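Colleague: In case it helps, the working numbering puts the sequence shown at residues 51 to 455.
Keep in mind that the hints were calculated from the coordinates and are not lab data.
Treat the hints loosely; a few may be bogus.
As the list claims (entries may be wrong) - Here are the in silico distance ranges between beta carbons for each label pair:
#1 Arg80 / Tyr455: 17 to 27 Å
#2 Ala403 / Lys326: 44 to 54 Å
#3 Gly185 / Asp322: 37 to 47 Å
#4 Arg421 / Gly185: 34 to 44 Å
#5 Gly275 / Asn432: 14 to 24 Å
#6 Asn432 / Asp159: 52 to 62 Å
This structure is a prediction, so every number in the text was calculated from the model and none was measured.
Idealized CB from N, CA, C, for every residue including glycine.
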Amino acid sequence: MRFRPLAFFARITYYNRMSTFISGAYDYKRHNAEVQLVMERFGDNNPVRAPLHVHGSITNYFFNPELNTRGYTFEQFFKDPEIQIRAQLEYQNWVRHNVVCDREMGLPDSWQLSVDFQNSYDASWAGAPMAFFDGQLPDTLPIFAENREKLYDMPKILPVDGGAVGDGMAFADYMAGRCKSFEYMGRPVTPPTRYLGENCDGAFDLAYKLRGAENLIYDMLDEDGYYEDLMDWITDNLIRRMRALRAMRRERPGGAPGFSYADDAIALISHDMYKKYVLPYHRRFFDAFADGQKCGVHFCGACMHHFGELVKELPINAIDTGFPVDHGLLRELTGPDITLYTGPTVMLLKDGAPAQIRAEAKRILESGVTRGGKYVMIAANNMAPQTPVENVMALYEAVKVYGRY
């Protein structure tokens, strides 16, 4: 298959400036009316234009001193539910008033809390110790890296409330009690509607976090049965945990959750290796939770070599990928009926000039990726901390012009 060159390698002009806040007044009422129309038409398969979604994790708060004025650390955020509440609300307030995209802006009817332990909760739940680093995201340490046989000393059935997942349950209960008589900026605050751990970051992803990426690849090739033992143990326990937490949460407000799947680590392997070593485990998750419906998937890494076949092998109706892709080719590979979430690179959005961002949005939107009307532009996978709000605005304005059908 011929892959076209990717234009994201074009030269980026770097600026030593960062604007955290919109300057001047912004008409939230008019913005929200347009967003409602755009999203309703998109949901009805009669789009006015491609929507733009800009997602950014709490890292945008922690690594921006103009927002994190108290100097909170991730270790505090992970260990103190009150700090997690404050940080989430301050971050949400900033997003709703400064990050312009196809999302409601201005003060909400109510604020929504969640439990957030980033991408470390699966490995922590499986027994990996947490590690906190100055100026970086927390992570876990691989417990099977030096001694793979330690797997066989682990409990066959992991407790649902282990590690960060158990901490998440305690945080959710604390937040529920706190929200009974709590307002922020004159609006009520709503507790989490889901438990942390009702979904997962992927069985293969967890395997490499516990074993180490290089070790895991050798395990696959050794064919001595260890890889299968590890993946069976992980898959069985993840499915058991997800079922248990979903059943527990159905007794709380929020209703039954949907299902989407992520597994960033498949970027490490070829599609032939994926089909042999990983696909059987992925099918088990879809069999357990998809309820016969097609579902969305998320992959952060370089997965262009997987997408065309994945839509044939799994019941997928949407693909979210933040890694640079050939957008037109991705549409050719997946067909017109798959909703695609892609966009410019995180580096361009953060450090490029507005004119470069507008040009890249135009190039993407004219690549053929919008064919079928099922395309949502996203700001990479996760907006980088200290991305100028002017750059996000430039992307939004470009989508309004070049994303129309």
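Colleague: All hints, please: hold or fail.
Modeller: Results of checking the hints against the structure:
In this structure the hint that Arg80 and Tyr455 lie 17 to 27 Å apart at CB holds, the actual value being about 21 Å. Taken as a hint, the range 44 to 54 Å holds for the pair Ala403 and Lys326, whose Cβ atoms sit roughly 45 Å apart. A hinted range of 37 to 47 Å holds for the C-beta pair Gly185 and Asp322, which are about 39 Å apart. Taking 34 to 44 Å as the suggested C-beta distance range, the pair Arg421 and Gly185 conforms, at roughly 43 Å.
Taking 14 to 24 Å as the suggested C-beta distance range, the pair Gly275 and Asn432 does not conform, at roughly 37 Å. Range check, Asn432 to Asp159: Cβ separation about 26 Å, and the 52 to 62 Å hint is violated.
Checked against the numbered hints given earlier, the structure breaks hints 5 and 6 and satisfies all the rest.
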